[in-house]
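**Student:** Here the protein sequences come in this chain order: A and B.
First residue of the first sequence: 1, per our numbering; consecutive thereafter.
First residue of the second sequence: 340, per our numbering; consecutive thereafter.
Honestly, the hints are just simulated from the structure, not real lab data.
Every clue listed holds true.
Computed list of lysine to aspartate or glutamate pairs in EDC-like fashion (alpha-carbon distance at most 16 Å, straight line):
1) K465(B) to D40(A)
2) K613(B) to E146(A)
3) K120(A) to D380(B)
4) K487(B) to E245(A)
Here are the simulated distance ranges between beta carbons:
5) D274(A) to K403(B): 30 to 38 Å
6) D380(B) to E173(A): 48 to 56 Å
7) D620(B) to R285(A): 40 to 48 Å
Sample of chain B residues with no beta-carbon within 10 Å of chain A, all distances over it, derived:
8) Q361
9) K364
10) L378
11) P398
12) K401
13) L436
14) E576
15) H577
16) R581
17) G630
18) G644
19) P645
20) N745
Since we're looking at a predicted model, the values are computed, not measured.
In this text, a Cβ means the ideal position worked out from N, Cα and C, and glycines have one as well.
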Amino acid sequence: MKTDLAVIGQGVVCPAGIGMAALLHAQPSETISPFVSRPDRHWPTFRVNLNDPSLQRWQKQPRLRRASPIGYFLVEAAEQALMGSSAAHRAQTGLIVAFSTGCLGYSRRFFESIVAEGQKSASPMLFPETVFNSPVSHVASVLNLEGSAYALVGDEAAWIGALKTAWLWLEQEQVEQVLVLGAEEFESASLDAYYNAGWLKHHDDKSVFIPSEGAAGVLVRRTQPGDANIISQMEDGFIYRSKTEARSAAQRCFQQFDSSMPCAENSQRHWLGDVERKLLQARYRKLDKHAYLGEATTASAAWNTLRALALLDQSETRLLIPISGKTHQIAALQVEKIY
Amino acid sequence: MRRPVVVTGMGAVTPLGETLPQSWKALIAGQDAETSLELFDTSGCRCHRAAVASLPPLPHVKPKALSRISRASRLAIPAAREALASAQLLDSEGQSLLPVLPLSVSTTAGGMAFGEDFFRNILAHKRSRLLGPVARYLPEQQVLDLQKALGFEGPSIIIANACASGANSIGHAAAMISSGMADCVLTGGFEALTELVFVGFDCLHATTTDRCRPFDLKRSGLLLGEGAAFLVLESPEHAGKRGVQPLCRLSGYGHGTDYFHLTQPQSQGEALVKVMRSATDAANIAPQEIGYINAHGTATPVNDGPETLAYRTFYNDDLSHVRISSTKAAIGHTLGAAGSIEALFALMALTTGKLPPQLNLQEPIPEIASALVTEKNASASLSHAMSVNLGFGGSNAALVFSRYEN
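The task is simple: from the sequences and hints, build the whole structure.
**Tutor:** Have a look at this one:
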């Protein structure tokens with residue numbers, strides 16, 4: 001699908017720090033996290049520093065007092081992307097957030113209390129925060145965004161679904177601009193999930209799949225004179241149910257784009273990253289200055305998009321960004337410099 | 340909306356029936372599906388009743404594979420199959436005639452029962468052989484189940500806007516068609532009862548231990564339910580090329596967010612008024628032209644009051660032209676499926692002229708009493724019908740269906 005989404009703002013919360021500079025230049029530190037099933041066993045993870053003043057400032061907001069970490073990641077990334085947006089513009093801003101597992105920490109705490117202490121002990125404070133769109137509502141409320149708000153769910157490709165939805169809202173003139181974000185929070189139960197999926201293993205003898213967390217997003221509008229970088233094509237819906245099907249789905253997806261277009265190297269350490277590398281390696285423009293930030297599903301998709309946009313500012317005029325969903329579908333988008 | 344959108348197919352599995360005709364017949368007859376909840380233990384809860392759906396058979400799925408399909412998928416697949424069949428989009432082997440078919444769906448919990456199973460196991464320190472539960476709880480797995488069972492692929496979107504999601508998914512599908520992004524979309528919502536969600540509403544004291552009494556002064560809470568509903572939306576040109584007669588138009592969609600509180604609407608229902616106006620503006624009609632509203636009407640103390648005031652504001656205090664009912668008293672609150680199932684009920688009211696009665700009334704809220712559907716005013720010739728939903732996080736959505744005139 002051809003589009004003309006101008007990227008006019010961006011925001012980042014990642015394990016390497018807060019803001020674009022951290023995304024492009026900083027190194028995250030590993031933290032060791034225990035499995036729920038075996039608390040004596042651990043795996044390296046990348047965690048966002050919740051004590052960072054940029055995040056702590058939001059914890060004082062009444063609406064965010066009980067919010068989960070994902071709520072803080074989101075509101076900070078959103079505020080960065082909105083920098084420069086007037087109150088009038090904010091009133092005409094839509095909000096779309098793509099999640100994979102959402103407020104997993106609260107969901108675990110809520111269910112664990114039921115299992116451990118019985119249904120009577122279930123906390124009415126926790127349950128509302130387990131709902132997917134709770135952090136979306138918090139962000140819109142705190143930042144006075146008065147347009148529509150959607151919470152979307154899926155694998156990494158939900159990031160493309162969110163961008164396509166933004167294009168739809170803008171095309172239908174429902175709002176002037178849309179804030180599109182991807183966000184995930186780490187919870188030890190994820191380690192058990194990844195372990196059972198067979199993903200927690202050394203990737204190529206020297207690196208390892210590291211679960212991560214954070215948020216990132218872009219503020220987009222229909223292209224206007226003076227806009228620099230645009231998202232010019234998005235393709236999704238190439239589903240798979242096996243590794244063989246995934247390779248075929250990736251081939252069909254990438255064939256939708258100009259075959260001579262350079263490609264932003266995928267920094268994910270996952271078997272789908274290998275599929276991508278085999279298909280696209282000859283076209284890679286290395287993002288090798290950038291650190292590996294771990295695996296944070298929709299947030300990773302957003303980080304990769306922002307890194308590619310930064311490369312447009314440095315050297316490239318257009319780039320293909322593969323967005324391979326780990327559980328459902330292969331997708332990709334194209335970004336271009338237009339001035 | 341720029342390009343017209345028509346409905347050509349519909350299907351539903353609800354606690355009242357395994358198909359839309361079954362559900363509609365029971366609904367119009369004034370039946371409700373409240374029953375004792377046996378799907379999981381509720382002994383520690385205040386409430387022990389819900390509206391439970393009977394799972395239709397899945398003849399195309401091998402018995403061994405059936406245990407690997409979530410309850411959510413077992414509700415969604417037959418509803419989607421019924422919708423595709425009624426749109427004449429299924430071949431003789433039950434597969435989609437369109438190999439690429441965009442999908443816009445909603446849920447709030449996906450296959451959460453599998454997620455609960457996974458959590459229980461790891462909390463009990465079981466470590467391995469848990470791939471099945473963890474993979475199948477993800478909502479995209481239900482999308483894959485639908486795509487596999489019905490033989491299509493293509494772009495899909497899963498909207499999780501709490502209890503308005505089902506209306507959002509339909510509205511999103513309509514926007515895809517009206518913008519030219521797609522010519523035909525399968526859309527709807529699904530939700531299965533799960534312990535985590537049931538206990539969540541129970542601990543909030545949102546569920547009732549009495550009867551579910553929407554828009555009644557004696558209302559004390561909601562009845563949870565489950566189900567799925569799907570529609571096939573198309574451009575009239577696409578339907579025309581296939582030789583299919585549209586059932587009606589989807590003429591308006593409004594959506595917005597009420598930021599007053601995470602779990603409560605603003606006391607005057609202002610956001611809902613804005614959303615309903617947005618939907619009627621899109622349909623290019625006046626509020627008075629809406630003859631029936633399938634209301635959200637959860638029967639919780641905090642919802643029905645503001646919703647009532649929203650209707651009064653929307654109609655300038657004159658409710659004489661409209662009939663209103665909440666079908667949640669009959670099928671329960673189906674959360675992520677509610678907006679889709681209730682949209683189909685509004686659509687059926689439009690096309691049949693029969694209105695679902697408001698069940699369990701004892702002492703109707705005076706401000707809306709005259710508009711509530713009773714046995715005496717349960718039929719009407721409608722040109723337009725609306726379905727309205729609100730949800731946690733302040734999600735509000737309204738859909739307008741209009742008669743199709745060639």
